[in-house]
Amino acid sequence: MIMIQRSLLVAAALLASAASVQAYTPVTDARLANPEPHNWLMTRGNYKGWSYSPLDQINVNNVKNLVPVWTFATGKRSGHQSPPIVNDGYMFITQPDNQVIALDARTGEEIWRFQGQGPEEFSALHNTNRGVSLYDDKVYVAMLYGDLVALDAKTGKVVWTTTVANWKVGEYMTMAPLTVKGKIVVGISGGEFGVRGFIAAYDAKTGQQAWKTYTIPAPGEPGSETWRGDDWKRGGAAAWMTGNYDVETNTIYWGVGNASPWFGDQRPGDNLYTASTLALDGDTGKIKGHFQYHWNDSWDWDEMNAPMLVDFQRDGRTIRGLIKPSRNGYLHWLERLQNGAIGFVDAKPYVYQDVFASIDPKTGRPTYHPDKIPGTGKKASFCPSLWGGKDWPFEAYNPKTGMIYIPANDNHCGFLEGKVQEYVAGKWWTGVDIPDIGFTVKKDAKSFGEIQAWDINAGKKVWTVLYSNSMNWGSILTTAGGLVFNGGTQDRMFRAYDARTGEQLWQIKTSSGIIAPPASYMIDGVQYIAVQAGWGVDPQFQQGLLANLIPGWPKATTEGGVLWVFALQR
Amino acid sequence: MGETQGEREGCGCAVGRRELVLGAAVALGALPAVAAAAANERRPKAGDLLVHSMGPKKGQPLAVEDLPPGGPGLLAFPMDPATGTVLDGSRFNEVIAVRLDAAALSEETRKGAADGVVVYSAICSHEACPVNMWNDHEHTLVCSCHGSMFDPRAKAKVVFGPAPRRLAQLPVKVEGGVLVVTGPFDGRIGAVRAA
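Sequences listed follow chains Y and B, in order.
Taking the numbering used here, the leading residue of the first sequence gets 1, the next gets one more, and so forth.
Taking the numbering used here, the leading residue of the second sequence gets 1, the next gets one more, and so forth.
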């Protein structure tokens, strides 16, 4: 009897705490176009992809007093890669295994939890999720196994479910959706399984498909001349990261990944739109323009991250720009033209890259050193390795410093030799077996992971942080407080740096490696920094390879997800 | 909670605190509906043959002579000899057979082996990816997603990578040069996860 009474009391307390969360503020086009500084309404903070918070309560002078105010165990292992999305007191985080949790962003009380139920036989190359998108009174999340789900933001109840991707042929989803004018835009993963990539939009209210744009043109469509025969049907070009959006021109910029199989001689041609950025009409998904970073990809260098929308100066002119530290190791400055076309401005290597022989100054098209192109029965080494100068973790732009901040990895190379693999639907089909993926580090390397700060107008590197004992798999958050926040190292640290100088100002040892983007928000006059710790997927796999190469390299970083929320000590 | 394939569509899986309590009560009182498995989905059992699941001999019985001594392995599905049904309706039925030196097998492994041939589930215990690759230096079976390695001489125990447990072994004998299953998998297939 006593037990029952206690249970009732606990239940009442829990209901009371859930009820204490304020009413839900609907998310509108206007709010998304101009998000309030105290919220974090989308993955990279704004449509331009800046990963920048205008809050400055936490700043270079007081960040040393930053302390955890609450934490929350997610109950999941594998790689946690989603930022907290915050809307007036509600926080939404996602985890591996198709989980979404809504929390009171001030207290950490759980409001609801959604657990997607995937098919038993689904296999996950990347058991992860990169976050939710918001619109009106709903929360949108992509399931690994291919469903897009709309949840009621206040209760977590399913409003609608739409199947986007067919997991049986290797299509799956990990990205956060992008909300654009009442539509929920998503792209698929699966470039290692011989998919034909696509980006698609769904009506936010009903889940009805509004448009679907393949990232490889069908015969007869513009760009189809860059493919041979039927190669386009299984040509890869997955679109596995969230795009950015230009409100002024109603243009979505979305990145496209590697070609499939990995070896270019098995699919001669430029292979549009692999390794490209696409410019899509925000209403129809029609392709308005593109820029291909490297043609006939043979290095598994996905260019899946959309460039940041940043205006910069060149030759006395302000350019409506795009800036992208590319996986191929070059930092690209591009131009957003009014008709949707993408112009080339400049590119220079930001890590050691030995594949490009030259870059055409007008078009940005590279030429290659032939001995650096792996092929079928032709082994070749190349730098950087297939994980690139950076992988998907987000760079950031701080308008107060005029600098971008790149989580880079240097001094690693790869070698590959292709073979013809029999295509089996849903199975690995890259032309090389996992044990034969060559990965090396430079013998005399003194560091691997980096943070690089570049002046966008001068086109010059200003400062660099070097990690001698880790790669950097952490997304960057920069703030108006003059700070850069970054995890990403296998030692479980989360750090803050002076955005102008790169001086480290604060650090804390967390529960696991941090490979999720940090976010910042403010409630009741208190600024918070929040980030999920939870090591897994590619950083974990790469760590195993490094441990075989470098004596003393730690073999593993502990798994298990925990959300950390920090504020200044009072 | 009584999850079946058919229930997945439109699953109302949000669990608030009150729903969690109510849901648990309902689940305790209700038996999950079990859909009848298609003939090609059942798990292998004694008497089944193994047939190549890909390559030029796809569908043909897997013979010891098909397997290169010392690896790599070959993929196969079980086949019901009475009906000729290949049990490829479930990817969890796919196995990988490797031909090794019988003397190199552990005693436990040898119990399910024949003429040095060992057969294991080709589904990784980490994220259920295909284990269909071979490391020629370590002489191990390799997962095609995250590179976990399994020692085929020792019950396919994990020797590298994130996989939490070994692969299930499918015991076999050799009859007329081809492999015949002698019993069910000796362990669980696939990954342990909530969803």
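Simulated from the structure, these hints should not be mistaken for lab results.
For every residue, glycine included, the Cβ atom is placed at its ideal position computed from N, Cα and C.
Each hint should be verified, as a subset may be incorrect.
[As the list claims (entries may be wrong)] These stretches of chain B come out as covered by chain Y in the derived footprint (C-beta under 8 Å, 3 or more residues):
#1 119-133
#2 151-165
[Claimed, not checked] Computed far set for chain Y versus chain B, every beta-carbon distance over 12 Å:
#3 Ser78
#4 Gly220
#5 Asp433
Non-interface claim for Gly220 of chain Y versus chain B (Cβ beyond 12 Å): Check passes; 33 Å lies beyond 12 Å.
Whether Asp433 of chain Y stays farther than 12 Å from all C-beta atoms of chain B, as the label says: Asp433 of chain Y is in fact no farther than 12 Å from some Cβ atom of chain B, at 4 Å.
Proximity test - 8 Å, beta-carbon atoms, the region 119-133 of chain B to chain Y, at least three hits: Contact hint for the region 119-133 of chain B vs chain Y: holds, 8 residues under 8 Å.
Given coverage of the region 151-165 of chain B by chain Y, checked by CB-CB distance under 8 Å (3 or more): With 3 residues close enough to chain Y, the hint holds.
Distal placement of Ser78 of chain Y relative to chain B, Cβ over 12 Å: The claim is violated: Ser78 of chain Y sits with its nearest Cβ about 8 Å from chain B, within 12 Å.
Comparing the model with each earlier hint shows violations of hints 3, 5; every other hint is respected.
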